[in-house]
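Asks: The sequence shown begins at 630 in our numbering and counts up one residue at a time.
In case anyone wonders, no lab produced these hints; they're calculated from the structure.
Possibly wrong hints are sitting among the right ones.
Unchecked claim - Only pairs whose alpha carbons sit at most 20 Å apart, straight line, appear in this in silico DMTMM-like list of lysine to aspartate or glutamate:
| no. | residue 1 | residue 2 |
| --- | --- | --- |
| 1 | 818 | 794 |
| 2 | 750 | 663 |
| 3 | 826 | 663 |
| 4 | 739 | 777 |
| 5 | 736 | 715 |
| 6 | 654 | 770 |
| 7 | 652 | 742 |
| 8 | 665 | 742 |
| 9 | 736 | 666 |
| 10 | 822 | 794 |
| 11 | 750 | 716 |
| 12 | 750 | 789 |
| 13 | 750 | 713 |
| 14 | 728 | 666 |
| 15 | 818 | 734 |
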Amino acid sequence: MRKYFTVILFCLCASFAYSQKTKVKTGSVKNLKDIKEYTVVFDYENLEIPKFDSEEDFLEEKMAKREAKEEGAGEVFKASWFADREDRYEPKFIESFNKRFDEGEMKVVKGEEKKYTMLIKTTLMYAGYNVGAWRQNSKIEATISVFETSNPSNVLYSADFTKIEGNGAMGYDFNSGYRISEAYAKLAKVYAKQINKVL
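Using the sequences plus the hints, can you model the full thing?
Replies: Structure below.
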(Lines of atoms letter the chains of each structure in order from A and count residues from 1; the text may use other names and numbers.)
(Lines give C-alpha, C1' and ligand atoms only; values in the text may rest on other atoms or scores of the structure.)
Protein backbone atom coordinates (compact mmCIF):
# COMPACT_ATOMS: atom_id res chain seq x y z
CA MET A 1 0.00 0.00 0.00
CA ARG A 2 2.84 2.35 0.90
CA LYS A 3 4.58 1.59 -2.40
CA TYR A 4 1.35 2.31 -4.27
CA PHE A 5 0.93 5.66 -2.50
CA THR A 6 4.55 6.63 -3.28
CA VAL A 7 4.08 5.88 -6.98
CA ILE A 8 0.91 8.00 -7.12
CA LEU A 9 2.65 10.88 -5.31
CA PHE A 10 5.59 10.71 -7.72
CA CYS A 11 3.27 10.78 -10.74
CA LEU A 12 1.40 13.78 -9.38
CA CYS A 13 4.64 15.67 -8.75
CA ALA A 14 5.94 14.78 -12.21
CA SER A 15 2.70 15.95 -13.79
CA PHE A 16 2.86 19.22 -11.82
CA ALA A 17 6.45 19.88 -12.89
CA TYR A 18 5.74 19.06 -16.52
CA SER A 19 2.67 21.25 -16.76
CA GLN A 20 4.44 24.53 -16.01
CA LYS A 21 7.01 25.92 -18.40
CA THR A 22 9.35 28.89 -18.35
CA LYS A 23 11.15 30.26 -21.39
CA VAL A 24 13.74 32.96 -20.76
CA LYS A 25 13.65 35.72 -23.40
CA THR A 26 16.17 38.23 -22.08
CA GLY A 27 18.84 38.32 -19.37
CA SER A 28 19.08 35.97 -16.43
CA VAL A 29 17.35 35.55 -13.08
CA LYS A 30 20.84 35.88 -11.57
CA ASN A 31 20.66 39.58 -12.44
CA LEU A 32 17.98 39.99 -9.77
CA LYS A 33 19.81 38.63 -6.74
CA ASP A 34 20.82 42.04 -5.32
CA ILE A 35 17.45 43.74 -5.82
CA LYS A 36 15.41 44.12 -2.63
CA GLU A 37 12.26 45.91 -3.83
CA TYR A 38 10.25 46.26 -7.01
CA THR A 39 7.34 48.31 -8.19
CA VAL A 40 4.94 45.74 -9.62
CA VAL A 41 2.79 46.64 -12.63
CA PHE A 42 0.13 44.49 -14.30
CA ASP A 43 -0.88 44.58 -17.97
CA TYR A 44 -3.83 42.74 -19.53
CA GLU A 45 -3.88 44.37 -22.96
CA ASN A 46 -4.56 42.11 -25.98
CA LEU A 47 -5.46 39.24 -23.69
CA GLU A 48 -6.02 35.89 -25.41
CA ILE A 49 -9.04 33.85 -24.34
CA PRO A 50 -9.00 30.23 -25.57
CA LYS A 51 -11.72 29.39 -28.11
CA PHE A 52 -12.48 33.08 -28.75
CA ASP A 53 -11.10 35.50 -31.34
CA SER A 54 -10.78 38.24 -28.74
CA GLU A 55 -11.62 39.20 -25.17
CA GLU A 56 -14.47 41.31 -26.56
CA ASP A 57 -16.00 38.23 -28.26
CA PHE A 58 -15.68 36.29 -25.00
CA LEU A 59 -17.45 39.00 -23.01
CA GLU A 60 -20.17 39.39 -25.62
CA GLU A 61 -21.06 35.68 -25.50
CA LYS A 62 -20.88 35.35 -21.71
CA MET A 63 -22.93 38.51 -21.18
CA ALA A 64 -25.61 37.41 -23.67
CA LYS A 65 -26.04 34.05 -21.92
CA ARG A 66 -26.46 35.73 -18.56
CA GLU A 67 -28.82 38.39 -19.88
CA ALA A 68 -31.03 35.66 -21.36
CA LYS A 69 -31.48 34.24 -17.85
CA GLU A 70 -31.67 37.47 -15.88
CA GLU A 71 -31.81 41.09 -17.00
CA GLY A 72 -28.74 43.02 -15.90
CA ALA A 73 -26.69 39.89 -15.14
CA GLY A 74 -24.54 40.42 -18.20
CA GLU A 75 -23.35 43.83 -17.05
CA VAL A 76 -22.69 42.47 -13.56
CA PHE A 77 -20.48 39.76 -15.08
CA LYS A 78 -18.58 42.27 -17.21
CA ALA A 79 -17.98 44.57 -14.26
CA SER A 80 -16.68 41.73 -12.09
CA TRP A 81 -14.50 40.39 -14.93
CA PHE A 82 -12.49 43.63 -14.92
CA ALA A 83 -12.78 44.42 -11.19
CA ASP A 84 -11.31 41.03 -10.25
CA ARG A 85 -7.97 42.11 -11.68
CA GLU A 86 -7.36 44.77 -9.05
CA ASP A 87 -9.49 43.17 -6.33
CA ARG A 88 -8.31 39.55 -6.60
CA TYR A 89 -5.51 38.72 -9.06
CA GLU A 90 -3.03 41.46 -8.24
CA PRO A 91 -3.27 41.24 -4.42
CA LYS A 92 -3.00 37.45 -4.69
CA PHE A 93 0.18 37.65 -6.77
CA ILE A 94 1.74 40.21 -4.42
CA GLU A 95 0.84 38.25 -1.29
CA SER A 96 2.04 34.95 -2.73
CA PHE A 97 5.33 36.44 -3.97
CA ASN A 98 6.21 38.33 -0.79
CA LYS A 99 5.51 35.44 1.56
CA ARG A 100 8.16 33.35 -0.26
CA PHE A 101 10.78 35.67 1.26
CA ASP A 102 10.18 35.27 4.99
CA GLU A 103 13.02 37.54 6.05
CA GLY A 104 12.23 40.32 3.60
CA GLU A 105 15.06 39.48 1.21
CA MET A 106 12.87 40.70 -1.62
CA LYS A 107 9.39 42.18 -2.03
CA VAL A 108 7.07 43.74 -4.56
CA VAL A 109 4.81 46.73 -3.93
CA LYS A 110 2.14 48.35 -6.03
CA GLY A 111 1.71 52.09 -6.37
CA GLU A 112 5.15 53.04 -5.03
CA GLU A 113 7.98 53.95 -7.35
CA LYS A 114 11.08 51.84 -6.78
CA LYS A 115 14.35 51.70 -8.70
CA TYR A 116 13.23 48.53 -10.50
CA THR A 117 9.89 47.56 -12.00
CA MET A 118 8.45 44.07 -12.35
CA LEU A 119 5.91 43.95 -15.18
CA ILE A 120 3.39 41.09 -15.17
CA LYS A 121 2.00 40.98 -18.70
CA THR A 122 -0.85 38.47 -18.85
CA THR A 123 -1.05 37.02 -22.35
CA LEU A 124 -3.68 34.30 -21.88
CA MET A 125 -6.49 33.72 -19.40
CA TYR A 126 -8.85 30.77 -19.12
CA ALA A 127 -11.39 30.83 -16.31
CA GLY A 128 -11.98 27.07 -16.12
CA TYR A 129 -15.24 25.92 -14.57
CA ASN A 130 -16.75 24.08 -11.63
CA VAL A 131 -20.29 22.76 -11.90
CA GLY A 132 -20.06 20.22 -9.11
CA ALA A 133 -19.47 16.89 -10.79
CA TRP A 134 -17.32 18.46 -13.52
CA ARG A 135 -14.58 21.00 -13.10
CA GLN A 136 -11.46 22.27 -14.81
CA ASN A 137 -8.68 24.43 -13.41
CA SER A 138 -8.21 28.00 -14.50
CA LYS A 139 -5.10 28.73 -16.54
CA ILE A 140 -3.00 31.79 -17.24
CA GLU A 141 0.10 32.54 -19.25
CA ALA A 142 2.24 35.61 -18.68
CA THR A 143 5.48 37.34 -19.50
CA ILE A 144 7.35 38.69 -16.49
CA SER A 145 9.90 41.39 -17.19
CA VAL A 146 12.18 43.28 -14.81
CA PHE A 147 13.69 46.59 -15.86
CA GLU A 148 15.11 49.80 -14.50
CA THR A 149 12.15 52.09 -13.79
CA SER A 150 13.89 55.21 -15.14
CA ASN A 151 15.22 53.30 -18.15
CA PRO A 152 12.69 50.66 -19.33
CA SER A 153 14.95 49.59 -22.19
CA ASN A 154 17.40 48.22 -19.62
CA VAL A 155 15.73 44.82 -19.17
CA LEU A 156 17.48 42.65 -16.60
CA TYR A 157 15.25 39.63 -17.06
CA SER A 158 12.24 38.63 -19.12
CA ALA A 159 10.59 35.21 -19.38
CA ASP A 160 7.39 33.61 -20.61
CA PHE A 161 5.49 31.49 -18.07
CA THR A 162 2.99 29.07 -19.57
CA LYS A 163 0.50 26.47 -18.34
CA ILE A 164 0.07 28.04 -14.90
CA GLU A 165 -3.08 26.50 -13.40
CA GLY A 166 -5.21 27.61 -10.47
CA ASN A 167 -7.78 25.88 -8.31
CA GLY A 168 -9.22 26.19 -4.83
CA ALA A 169 -8.63 23.88 -1.90
CA MET A 170 -10.75 20.72 -1.90
CA GLY A 171 -12.41 21.76 -5.16
CA TYR A 172 -14.54 24.50 -3.58
CA ASP A 173 -13.73 27.03 -6.30
CA PHE A 174 -17.10 27.74 -7.91
CA ASN A 175 -16.27 31.42 -8.54
CA SER A 176 -14.21 32.03 -11.69
CA GLY A 177 -12.45 35.04 -10.17
CA TYR A 178 -11.31 32.94 -7.25
CA ARG A 179 -10.01 30.19 -9.54
CA ILE A 180 -8.06 32.67 -11.64
CA SER A 181 -6.64 34.40 -8.55
CA GLU A 182 -5.20 31.04 -7.49
CA ALA A 183 -3.39 30.85 -10.84
CA TYR A 184 -1.76 34.21 -10.07
CA ALA A 185 -0.71 32.86 -6.68
CA LYS A 186 0.85 29.89 -8.49
CA LEU A 187 2.61 32.17 -10.97
CA ALA A 188 4.17 34.13 -8.10
CA LYS A 189 5.22 30.90 -6.40
CA VAL A 190 6.92 29.52 -9.53
CA TYR A 191 8.72 32.80 -10.19
CA ALA A 192 9.82 33.28 -6.57
CA LYS A 193 11.19 29.74 -6.54
CA GLN A 194 13.48 30.63 -9.45
CA ILE A 195 14.76 33.71 -7.63
CA ASN A 196 15.28 31.86 -4.36
CA LYS A 197 17.67 29.51 -6.12
CA VAL A 198 20.12 32.35 -6.72
CA LEU A 199 19.71 34.17 -3.40
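Asks: Check each numbered hint from earlier against the structure, then list the numbers of those it violates in ascending order.
Replies: 2 and 7
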